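Q: If you want the building blocks of each chain, they are given just below.
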Amino acid sequence: MVAAATLHAFSTELLVGSMTFSVLATMLCLGESFMQKFGANILRSLDSAAYFSAIFSLCCIPIVALTGNAAGDASSSPYLVNKMLLSGLCLGLWIGVIHGRYTLGLELWQNRKMSIFHAVLVGLGYGTAAMLGSIGSLMTRGETVGDLIGIWPHLESAPSLSFGISITLALLSLIALLVVIFVQPKGEKVRS
Amino acid sequence: MRRTLIIGGLLLLVLFVPPLSANPGGNGDANRDAACGGSCHGDPGLSEPSSAVLSFSQDRDSAYVGGPISISITVSQMELSSRAMVGVFLLSDTFGVSDTPQDAGWTILSNGEGGSTNYVETYVLNAEDGATITWSLLAPETEGIHELFAGVHHGGGGAARMQTSSAYNVTVGPIPENLPQMLPWEPVNSRPLGESSELSMPVVNATDVTLEYRIAEGPIMFSTATQDGEMWVSTLPAALSDITLSYRVVMSNDEFTESTGWIVVSNEVDSYEANLSAVRLQSLALMLGSIALCISVQRRMSRTPSSMLNEPESALISADQTSIVSVPEPMIPQQAATVLALDDPRRPQGWTDEQWLHYGPDHLQQNYGGGL
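Residue numbers (this note's numbering), protein chains in the order written: chain A, 54 to 245; chain B, -16 to 355.
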């Protein structure tokens, strides 16, 4: 049988690979939307590549989180606690990426503000995933290329919030999401 | 339906990941029988032979009944995993059960790593040099030749490995008349940082008892113990940082000077303990919060003035920015109701917002080939 740690490494590689592909395609889309050098067909292809690899990445995130959970005891390591927290953030940001592309459609690249926001969101999601990988590398190899970046956060300590505060935060976030979904006026697909 | 089945199947596969592994990160120091780890390190399907060489040494030629002796086991030339971790056993037999030194009447004062267990895990930097573990013991209460065994568990080359030594004989003789002697005693092996320790030592036949201590292999310092009834009392100074402090008891009278082996004191550092339920909730809060933020910003940005026109109270700022023009719903052409970005790069230079919203890119495409 395969150990949980091996499955975790396998699923992480799938996730990071597809996410990198998605980020690269998204950045090319952004560049094309500004410079308009290659034409609509190329833009459409890049957008599809970014979109579907983002969907694949989203599918991988829960599997990575589950296998990671099975591979180590998070209660005894602040690194693993930070990984759990960042996993939630990464999942949320990536859902936001896919929601944005699904809601706004291909034509989001014709709106400068929306396309920049979308690219920033993709970058944030990818940065969170890179930070997750960096923590994993610190735990298994004792070092990370993130150390080369001066401002890379050091995650040796984790926040310690009580169960009561945690459940309050979760409820507030849920209420915020419900308000956004059911009260805020819906956006529309950008049409050419 | 098929998609649900595939996803469900994948999740089930994840849930059925077996908890068994060879514990490459170790299991921690403890009192363990030789059979410990046999399911992995001794399983022919999972393990391979070890090339480790095990050797014994002791700090004196022989021990006497109940007397101190230090036994060292050196493990070398073993295969090493990437973690370079080895687990070393001191055993009194190799039956697999009830074969710790304590089972044979030995008392472990120290395992050299800040505990009093017969199994110690340590890291090996170089397989040629190996690792040496020294146990400080009190001999059994019976005279004769007592056998001890060494065992090692380690990984390397992708397999779990184990090795057991042949018997090592320790001669336990009678107690010389008037020999200073430590009675059965539980020494201090660990303590919190910054706290000194008062040691009460049950020593008999001694006229002078000294507590010697040192940091790592540094110079030996001492403090004299005072007699309090049947006990000798001395104080071990506090450690202010995470140092390796060891001590031994030197007992003497007019005829003999006797000492225990070095006893290593570990520092109790507060261990990290997180409430996993709270952490999961925080992770959920982060996820829901970030989704809410993303969707909210996306909805706000995608609501162009044209979509706002559909709202009864909405108003459109005119192109010259000097007046606000209310646009009643029936006046809006169907095409203008679609969402058009005002900063669309296809918008011709000089067109007002109303022109752009009214004609749009379709008009340009049909009449001017996409641009003016």
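Do not rely on the hints blindly, as some may be mistaken.
Just a few of them, taken from the derived set where beta-carbon distance is under 10 Å, the chain A residues facing chain B [unchecked claim]: (1) Val69; (2) Lys90; (3) Leu119; (4) Ser128; (5) Leu142; (6) Cys143; (7) His152; (8) Leu208; (9) Ser210; (10) Ala229; (11) Pro238.
If you are wondering where the hints come from, they were derived from the structure by calculation, not from laboratory data. Predicted model only: the values in this text are computed from it and were never measured. Positions of the beta carbon are idealized from the N, C-alpha and C atoms, including for glycine.
Q: Take the hints in turn and mark each one as holding or not.
A: How the hints compare with the structure:
no.: 1; hint: Val69; result: violated (18 Å)
no.: 2; hint: Lys90; result: violated (13 Å)
no.: 3; hint: Leu119; result: holds (5 Å)
no.: 4; hint: Ser128; result: holds (5 Å)
no.: 5; hint: Leu142; result: holds (4 Å)
no.: 6; hint: Cys143; result: holds (9 Å)
no.: 7; hint: His152; result: holds (6 Å)
no.: 8; hint: Leu208; result: violated (13 Å)
no.: 9; hint: Ser210; result: holds (9 Å)
no.: 10; hint: Ala229; result: holds (4 Å)
no.: 11; hint: Pro238; result: holds (6 Å)
Against the hints set out earlier in the document, violations occur for numbers 1, 2, 8.
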